[in-house]
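Relying on the hints, combine the two individually framed chains into one complex.
Residue numbers (numbering that gives the first Met the number 0), protein chains in the order written: chain F, 0 to 74; chain P, 0 to 201.
If you're looking for bench data, these hints aren't it; they were derived computationally from the structure. Source: prediction; values computed, not measured. Heads up, some of the hints might be wrong.
Below, simulated DSSO-like cross-link-like pairs (lysine-lysine); rule was C-alpha separation at most 27 angstroms, straight line [stated by the list, open to error]: (1) P:K48 with P:K197; (2) F:K73 with P:K153; (3) F:K18 with P:K153; (4) P:K143 with P:K51; (5) P:K174 with F:K3.
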Amino acid sequence: MRNKVLTFQSTHHVLKAEKILIEAGFKFDIIPTPKNISSDCGMSIRLDSESSDMSFLSDVLTYNNIIFQIYDYKI
Amino acid sequence: MKTVDAKGKLCPVPLIMTKKALAELGQDETLEILIDNETSMTNVCHFLKEYKMQVVTEKQGNIFRLLVKKSGNIPENAPVEDFCRINTPNLSDYVITVKRNRMGDGAEELGQILIKACINTIPDLDLKPKKVIFLNSGIFMCLKDSPVLESLKKLENLGIEILVCGTCLDYYNKKDQLAAGRISNMYDILNSMAEASKVVFA
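Bound-form chain P, shown alone (with noise of 0.2 angstroms):
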């Protein structure tokens, strides 16, 4: 069995040792990692499922120790990067909502522009929301055709949760264009503005 020892190295070596040796492996064949921290065990983890890939993990002493089947498929450009979250302090205890597909009242296409300029900048914030949740018209950001589908990815990896309104995805009828987030319901939604310290409005 192929061992990555990633022991010392900081978010996003471990990663990329892992995409590069995943990549010399045959199909389901079994890596093995080794890494001393958690943050990166985190994230490693988070990449490896994102690409379907089968991982076990186990904690010996200050080890841990991933098992990982080569189950899944890494593409050459996959972004690593975006999956180094480096402790996130920042992960405030707010909650963004987003109520339709534009932002404010006024002229249509403004309010479009205005929309994606925003949740593409949520990701660079300092203080970033824990949820996003998507009501109405707004579950158009969240479906495959979506301008800011990327932004919304790279909020997820981030350990950012994305609800969507299932009420809604039904009524447009887009349930199978669901591209980022997860299918919720009323009483999650209120259940999450309800305990976040604050809700913003976008």
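This is chain F alone, in the form it adopts within the complex (with noise of 0.2 angstroms):
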């Protein structure tokens, strides 16, 4: 189950994210930004918390310097 949900803080981010988190390993979907988060027409990624590592996440995001927000994924 896909339950989480990372908003960045624009497109470019996204874009350099999913790149990453491919090299990475991550399973992952690219989706729209869901409208209870931001009414931004942004892109967001999907991901399973439980069977992703999400420290290991976080720090390789961080160490390339990329903002993001973790929010819980709910159509």
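Right under this line is the structure:
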């Protein structure tokens, strides 16, 4: 169950995060940012917090200067 | 023979009960499942077939009796909820056609995340399409290494048909890597679009 949503400051950050997370072996989906999180028409990353190493994820993104926020995913 | 009595139970309970009972069963043993509503019966059948189990269904009065031979194996983390298709009245009459592996004109990397987000949104739409068609470089969305494979499988489980252009698979030499959808030809594709109430090009 992909239950968490990562949001970013810009589409460029989403693209950068996507590349980094694929290289780091994470499984995730690119989705439009759910309306209950933001009314911007931005993109987000959806993943499963149970099967993903969230602290490693946080470390790689922070190391690459990508600022992000984590939300629960609800439709 | 072991019996799962799922009468009076609504989705996903019959699916969970079935999965649990099959896990306790030996290979090639038979399980009987009793269900009293058609939706759950269809969902359970779909689930079993996905995991290569042989199923025979019969209706006795208001009860569906399913006989399942454990001819396959269901992984412990099998996503039963994904098979829980609660009558989909929202399955609409339109078709989405994906003509390439990106959305819109402009920067290619942007087009690529747009198409991923687009396909990943279809399972969550209130108004779902009847079919999704993939043409030309759009077929890359249906291959083994596709980033949207899970969403496509979800769509298939919802009963949405996925048609993939066979000529295109052949041209790109990717036939052996198809992981979602069924190979289709121009006749089927044009017919599907002609029959649809409308066609949405992604």
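Quick rundown of the hints versus the structure:
1. At most 27 angstroms may separate the alpha-carbon atoms for a hinted pair to count; P:K48 and P:K197 exceed this at roughly 32 angstroms.
2. With a C-alpha separation of about 17 angstroms, the suggested pair F:K73 and P:K153 falls inside the 27 angstroms cut-off, and the hint holds.
3. With a C-alpha separation of about 24 angstroms, the suggested pair F:K18 and P:K153 falls inside the 27 angstroms cut-off, and the hint holds.
4. As the CA atoms of P:K143 and P:K51 are separated by approximately 19 angstroms, the hinted pair is consistent with the 27 angstroms bound.
5. A threshold of 27 angstroms between alpha carbons decides the hint, and for P:K174 with F:K3 the separation of about 34 angstroms lies outside it, so the pair is violated.
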